[in-house]
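Protein chains in written order, with our numbering: chain A, 1384 to 1759; chain B, 1384 to 1759.
No wet-lab data here; the hints were simulated from the structure. A couple of the hints might just be wrong.
The list treats identical chains as one, so a pair stands whether inside a single copy or across any two.
Subject to a maximum C-alpha distance of 30 Å in a straight line, what follows is the list of computed DSS-like cross-link-like pairs (lysine-lysine) [to be verified]:
1. K1424 to K1706
2. K1424 to K1463
3. K1424 to K1676
4. K1485 to K1552
5. K1463 to K1401
There are 2 protein chains.
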Amino acid sequence: MSIGFKIESSDGAARVAKVTTHHGNYMTPAFMPVGTAATVKGMTPEALSRCGVQVLLANTYHLMLRPGAGRVARLGGVGKMMSWPGPVLTDSGGYQVMSLAKLRNLSEEGVDFQSHIDGDRYMLSPEKSVSLQHDLNSTITMVLDECTPFPASENEAATSMRLSMRWAKRCKQKYSTRPGYGIFGIVQGGMYPDLRAESVESLLEVNFDGYAIGGLAVGEGAQLMRDITAHTVSLLPTHKPRYLMGVGRPVDLVEAAAAGCDMFDCVLPTRSGRNGQCFTSRGVVNIRNSRHKDDPRSLDETCSCPTCLGYSRAYLHHLIQAKEMLGGVLLTWHNLFHYQTVMADIRSAIGSGQMQKFREDFARCQLQGDIDPPED
Amino acid sequence: MSIGFKIESSDGAARVAKVTTHHGNYMTPAFMPVGTAATVKGMTPEALSRCGVQVLLANTYHLMLRPGAGRVARLGGVGKMMSWPGPVLTDSGGYQVMSLAKLRNLSEEGVDFQSHIDGDRYMLSPEKSVSLQHDLNSTITMVLDECTPFPASENEAATSMRLSMRWAKRCKQKYSTRPGYGIFGIVQGGMYPDLRAESVESLLEVNFDGYAIGGLAVGEGAQLMRDITAHTVSLLPTHKPRYLMGVGRPVDLVEAAAAGCDMFDCVLPTRSGRNGQCFTSRGVVNIRNSRHKDDPRSLDETCSCPTCLGYSRAYLHHLIQAKEMLGGVLLTWHNLFHYQTVMADIRSAIGSGQMQKFREDFARCQLQGDIDPPED
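Given only the sequences and the hints, what does the whole structure look like? Please build it.
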């Protein structure tokens, strides 16, 4: 029943595991690209596979508004609709309601809101969120929660977290167990270790197929994020997947994997790619910078993605300057390939017991900075 | 020397030929997708190859302004820069100067204009156009001409055509002959058969590697376009390629190939694709139409492109409605694949002496109209 999670090797708190699902398997630590409206912007599913992507995230909020969860259901679910053969995790919709919708009204029942697309009113309750994700045929369903804002007082964080815990229980009750499908709870509690502990305890009582760490990467800074992550991970069971939501930069993924997190998602590689920001083995490169305009070299000489194998910095600079679609496509491709390569390197380092050395090497490479510009 | 043109079979005026160039070969009748700024919008060169594309067109006007012809030259030419291994034909820049640039001033010398990007002033003369195309390392250079507007009086058309003929001669004088490269003259003369004949005579005196028919598809209507095309073709030598510029719809290509034209270019499949207009075996389908929103069927059941094999009309409708990049990518892919399939079918019909039957069957299929919408 549910999804499978088999640890294959570990190194300190970090582990490599195989997740088995109704829609195929994936290895963790895993990075999930964000396919908001049932498409990772500009990428075909074939291109995603060629990047090494094994599991995707899609946004329930966007899909419930357009094309509508019922329509997605009639087309066989989000994976079938978009021609992605692998597993798909959907978020609950709660985060986007709070960040995108208008006239939100949060109550014990759920969130009443107005669509940012056509102004129609909707109600997103825990039961409704689970039902929508069922319609989407999501491999992994996420519980509806409130992402506690930062900063929040201990009282505010406690009130918000306890509401999320009551919602989590209602989500689990509504959820239909199916072989190869799963539902994850989400730990909240802001930056308060005791509240994080209380939240974990509540979720363990309900019993989920995996546990996500929410409410981070909200402006608290890298050190506090790492502390709260490590603290929360230490309270979670080892035999279930741990998903650090909305994180982050490659170096954050390395650190979180070292702390024992298994799954990640972030818009950074895709959104940045469309804006000309590239993640490389030597840190971030902004291809818009005029230093690249005559540079015949590849973006990252250590990378074997189609973008680095086929195109010069000068051409990529030209495409982004000319606002050509292909610029966004090629840089998204590179960034996702880079992220997947980092994840594969993490798995390999854990497998060979070299995670500590890998962390040090990775951080040093990232700080090197870009190669010198060509001479005039 | 120059490019090779070997006729392999013919059927009436129509012929199948192999063009050999420094950058590889292509079979005619051939359709060249438009890669304005050294990119066919949203398509990788690999995707173009998978559509069956063998030769591309790029726009000298756009490339001279951005990234600049000198920069393209330092990157090895337009093909090398964009990672396209095959032949590239460049236009002269004249057409875009007249349609896009500001403050144009046409004289015997050439066209003085202001860039639509940054307002800088440029001079495009016949010599400058050839020199720019040399910098771009264009496989086939086009002469600078003035595209005679429609309608034009016989006097206006004659004056304009004779200027173009003087320019054509200057272009040929400036052009450096290189093995596997070629330069094409362009027949003008508006809708006046005698002026077309005079124009052909002028160009034949100069002697070009191929002859283009310009000044059509400017609003004169399908019948007049066909008449002027057939008339002009009848005056051109059989042993050199004939290129009908800026044409057109699939049915126009079939008719023009039947009349003896060998090469074509048009923005229609790419620009329309981004707007949701799809060319199919049963005519044009507008995927924005709400009749497609629940349709699980492919765009064209007779098409084997990745879009038709992998995605439903409902999903394509969703992508275009949600303004997702992938919508433009997938529909461009389909349209280019469809165009290349039509060209392959034309070559096959000519090869088997079935061109007349093919024209009739093709026209009948195009008039069928789209399949019925699914029942509610």
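To see whether the hints hold, each was checked on the structure:
| no. | hint | verdict |
| --- | --- | --- |
| 1 | K1424 to K1706 | both (15 Å within a copy, 10 Å between copies) |
| 2 | K1424 to K1463 | both (17 Å within a copy, 27 Å between copies) |
| 3 | K1424 to K1676 | both (25 Å within a copy, 20 Å between copies) |
| 4 | K1485 to K1552 | within (27 Å within a copy, 65 Å between copies) |
| 5 | K1463 to K1401 | within (23 Å within a copy, 43 Å between copies) |
In summary, this structure violates none of the numbered hints.
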